[in-house]
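Asks: Residues per chain are reported as follows:
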Amino acid sequence: MITHARRFWPAFCMCIVWCGTNVRADEFPNDIARVSAGLQLLFEFPQNENGKLEDSARVGRPIWLTIESPDAVEHQPGQIELTRESILRSGEVTPRLLSAFKWTNEITIEAWVQPASAEQSGPARIFTLSRNGSQRNFTLGQDGDKYDVRLRTSGTSDNGIPSLSSKKGTAKTELTHIVYTRNRTGQATLFIDGKKNREKSIDGDFANWDDNHRFALGNEHSKDRPWLGTVHLIALYNRALADGEIGQNFRSGPNGKTELDSASAAAPKTDNEVLFEDKIARLFSQHCLECHDPSNRKGDLDLSVREAAFAGGESGPSIVPGNPADSLLVELIDSDDMPKDRDPLSDDQKELLREWISAGANWTISPIDPVVYAHDSGNHQTWVRRLTVPEYIATVQATVGVDISEEARHYLPHDLRADGFRNTAYNLNVDFKHVEAYARLAEIIVDRMDIPQFTKRFTKRLKFTDDEMGEFLSKMGKWVLRGPLNESEVIDYRGISTVVAGSGGDYNEAISRIIQAMLQSPRFIYRIENQIGDGSVWPVGGYELANRLSYILWGASPDLDLMDAVEQGGLYSREQIEEQVERMLKDPRIEDRSVQFIDQWLNLPSLKNLQPNPARFPNWGPELADDMQAETRAFFKEIVWHQERPLSDLLNAQVTFVTPRLAEHYRIPLDDANEGAADLDTLRRIDVSSLPSRGGLLTQGSVLTVGGDDASTVTRGLFVMHDLLRGVVNDPPPCVDTTPIPTKPGVTQRTVAEMRISNQACGGCHSRFEPLSFGLEKFDGLGTFKTVDEHGNVLREDGEILFPGTAQPVAFETSAELMDLLAESRRVHESITWKVVQFSLGRPVTAHDVPIIDKIHAEAERNGGTYKSLLRAIVLSDLVLKTRTEPLRSELIK
Amino acid sequence: MSRKTFSRRALLTNGLKGVGAVTVGLPLLEEMMLTTAVGATVADVPVRAFNVFFGLGIPAPIQTEGFEGVLEPLQSLSDKLLIMQNVDQVRCDQSGINAHFDGASGAFTAEPPNGEAKSGGPSIDQLVRKAHYPDGMPAGMVPTLCAGTFFRRSRVSRYVHSYNEDGTVAATMQERPRDLFERVFGTIAVSGDENDAKERRLKRSVLDAVVGQYQFYTGQRSPLGKASRARVADHLDRIREFEQRAFEMERPPNTPEIPPRSIVAHGGQADPGGEGIDITLDELTTEWRLMADLYALAIQMDRVRFGAITFLAAGERVRLTGDYEYAGRKVYTFNDSAELSASGSAGCSHEWWHKFNPKKKNEQLRAHAHMKMREVAYFLHRLDETTEANGRSILENSLITISTESGDGRHNDVKRELSGVFHAISSANGRFKTGQIMDVGKEGIDVYNTMLTAMNSSNRLGPAERDSVAVDDIRA
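Chains as they are written, first to last, in the working numbering: chain P, 1 to 894; chain C, 895 to 1370.
Don't read these hints as lab results, they were simulated from the structure.
The C-beta atom is built at its ideal place from N, Cα and C for all residues, glycine as well.
Heads up, a few of these hints could be off.
[Claimed, not checked] Chain C side only, calculated, beta carbon under 7 Å to chain P, not exhaustive: (1) R1047; (2) K1092; (3) S1099; (4) G1106.
[What the hints assert, rightly or not] So these bits of chain P aren't anywhere near chain C, every CB distance computed over 10 Å: (5) P62; (6) R342; (7) W383; (8) E436; (9) E487; (10) S503; (11) E509; (12) R523; (13) V595.
The task is simple: from the sequences and hints, build the whole structure.
Replies: Encoded structure:
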């Protein structure tokens, strides 16, 4: 984030003095930043461009106001004075604003104005989002010596009546700060010069806001309600600013600086740059880099980095910017000579390539990393997140204090793994069994609750009547459903209470049934966020952020502190968010959440499913599977929480945890191995620095078993490649026989792997990942360290590792050396960051995320590279603080 | 709006291919056949008592206009009804509460409310039931049936009008035609177990709210993007499947077709915080008439003998639109919100009652009240179309009590508000006079207790120490 002053604001304008007024622009300190969270529209009037004024909120597409009578308007940087009847208005409808406000049902209208007289009426329109004199979404006006705000809700007329007016005498010919807020509960408040002036309840929501209303300043669209005076600033927020924030904006003054986001403040990308990032890099990644990456360099051509790609290979320069006709790459692709032995590119893809080169072949990503595009089709889709089973259990516990873990695990179907995790949103689907389970669990949960006690938290007025029940439902619903209820939701739940009452039921029965319904609501079962906007990136709302923080850090719903922080306006500035994050990082739940991460990343629960050949592994049993899972969990907690070491130490830390049973399986002697059978299940922390074969995740049974009974070099190699190096390989061609070749005397797994590597059809890919497993050759399929295999073949542990994006492999002599290489590798460090990011977001990483992940990684590394520092960097990044919206109505967005 | 009428005739014609088969699904059909077929004596006609409530009342001055005024739709039934004017319910007043609540609670009970969800005493129908069926209703019969088409529901007595002796509601309110159908003709209902029915209704209401939430997040106002909306829609499909398996009964052979799904608002959406809903006359009457048909069918088929039916709640808040025609003439074009120049609660027909002024024409109030009488008459006609063993119709043989919450819609005078509350009763198999409009000039409690006496009930409404005044003028 940077502090962004008015971009075109000449310094001499900072000291404007309004003689004869009680508020002077130069009286305001220039070091107080204006509130930016929730800002949807901002007019600061720095300058006009051909009679147009730009909204500088930097949220989505800016809104422009056209000055229709320039002679009636005097514009100086930082202010606009309407000296005669005029109107400034937007030429198009504003779907972004509508969507933003309809979702939150909250608004703040802020203005710094100086009326020309205290006798203007109508009300005279200072600014308005309306159609004509009787239909509006909102209007800030002046009615004589009062300011008046009309806000349309489902509880008012189309004209926004009843309105809220300030006290008499507040509208004077002086510079005045006006703020109108209206929150979800309907509380509307007018502030004049930072002080509360009037308040009123404006019921309803914004669902009936008209999509076709337009913004106007200084008059109504019908041009019969002119307002004269000077406007210094107009701002709209899609939330009700807290009192303190209003004071902050007042103290900041009419020339206050607004903190805007640095990313959005950066120079916009050119069309050619966007084309490269969205299409061309993906095309190279998916169709070219298999052969033309730094390691393969077929034809001596590397298309992963700009310089190498432009330089070309054996046949000369491949890309000539501005000239596709002379670009060898285009020629070979047009003729379908490339991609070699693969499907040719489509005509559209060829045309895109020509278009990109014609327009200058801008290259903004270097190197192109295939993994970025591996899970990204380029079609942006945002999936609502269903709570996973552990999240559901934790949320029930946090919300109503009931432990439902046993029943939830019994009734709810397992969450299935996709893209390496069980919390991948697109895969968290719902079948009939879920619906049955949620209904049944809701009954069980409510049966276990102390309903009167729970009810007391929200009300002491136990009445069925509209006002009391409505207020109670709003309070309880906000807690149970993790955010304020809209009017429709209150009404739905109110329906239950009336049915219960109509059936002769009492208050507690009504509340029980309502809670049952809430526990089955999409607001409970899913993490509902606003996903609708104009297709650009928006800041998330306060409650959405609270939920993101709590589910990422705790895997549970926000606690009271977090909810109160949102309610009180205490989760908006970076400092406030940081303060909450620091508090949350100290909560013990964060440790359990991190164990879910390691469980899912390494798929530890699948150990229970192992069924090794009993003839080869007669000592295997479910206890060993449990021991292996326990070892990795304990090791992870030791590194991450007890020692708070960098995450890269997970690869080579010289400590582990074993039961005597597992120690025997590993052939590790324990000092207390003879203590007796009773201790077989107890983990012991052991120092493995004297055991060269052990140390780090890859030397633990939980990971080594991925290779199956035969300790497959393919599977182990792919694990290292995918999960630690973020490498990408294509699937084997359909005709290839993938039946494992058995070992025999004179033929080890390495021998078989080398045969595949040397095979021309297979070697291109297998050479990339099978050698990655060579350092693990001495571990058998269940992780026991051996020097010879079952045929008496001598096993090795030396090899070479080729890090993706590099050309030269690095040699290692022992397994321990391989672990050290991995632990020191920047690529591995980044990969762990990617994994934690993916788990945090509940979706695979996309190309759009990469620049932000790079920043997250750098920030985490700067702070020690620990799990905590990584989480902190993640939750304070734009991946969490912002959301990419989908267009509300694409036909309305020009 | 086209609608298929549910009638006993249609049921018997379509359903009775063989009595033996019918008894499997609906033992009631056998009873019905016997009742119809046997030339029975008067004693064979069952005792029945139903309360018919309509919301907002008819101001006392307008009642005096008789069939020339808003009572016109009752004229065709005039010889089968006793219309009572000047019935005083002032004793039902509860301080600080307007008549929408306490007056509605007093209808059929003559008692002020006792808390938000209880009346101050039993309703007429339940005392008659107790007198005639002290050991419970015959097996397979629904003990009490409460149903209605209503939207205002902030307090129970606005819409429930059958109460047990302890003041609790006598039966779960059926607010959808399908709910009523299921209660009466569903397989669960055959058990007659009111607790089963209640539990089922409550679970249904929970599921209704859940469905409403999923519909919101898949609808136009959903904040979710395309993929997310599809996911939630998928979830909603599964809920529908769950709903079907859990609640939608198997249709036994030879039973009527399950009525169509209701299209008007129900549950919480029917009463959005007291702000009222927009509804067309066609939507309103289609829903109500289907409900009335089914209720009447339940009586005709002797599945129910006691209960209450509500056409619009006390203090109802709807913004009605549409042309209202009666007897081939256009009575009025409803457009409450526009005529009141207001949205929300201030734009509801309710306001016409607040604006009542005896010195003015009160056109809108008259039109609304006239329409209500038309719809009450619709139900009564359905009861009048079946002739029983004694040669009289069900309407004539039953005690049908029709009433409302107040005799004046203005809240600033309690006495005026609760005086002159409209009442009408049927003859109850010759027990009461009919064919006249009577200026009773008595308290409702005395009228009700007189009715109970005539119905052979030894129980009385109101405090025990109170001296009852018999209103013998109403007795035949």
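Asks: Indicate, hint by hint, whether the structure satisfies it.
Replies: Going down the list of hints, with the structure as the test:
| no. | hint | in the structure |
| --- | --- | --- |
| 1 | R1047 | 4 Å, holds |
| 2 | K1092 | 5 Å, holds |
| 3 | S1099 | 4 Å, holds |
| 4 | G1106 | 4 Å, holds |
| 5 | P62 | 23 Å, holds |
| 6 | R342 | 30 Å, holds |
| 7 | W383 | 5 Å, violated |
| 8 | E436 | 6 Å, violated |
| 9 | E487 | 7 Å, violated |
| 10 | S503 | 4 Å, violated |
| 11 | E509 | 8 Å, violated |
| 12 | R523 | 7 Å, violated |
| 13 | V595 | 28 Å, holds |
Comparing the model with each numbered hint stated earlier shows that hints 7, 8, 9, 10, 11, 12 do not hold.
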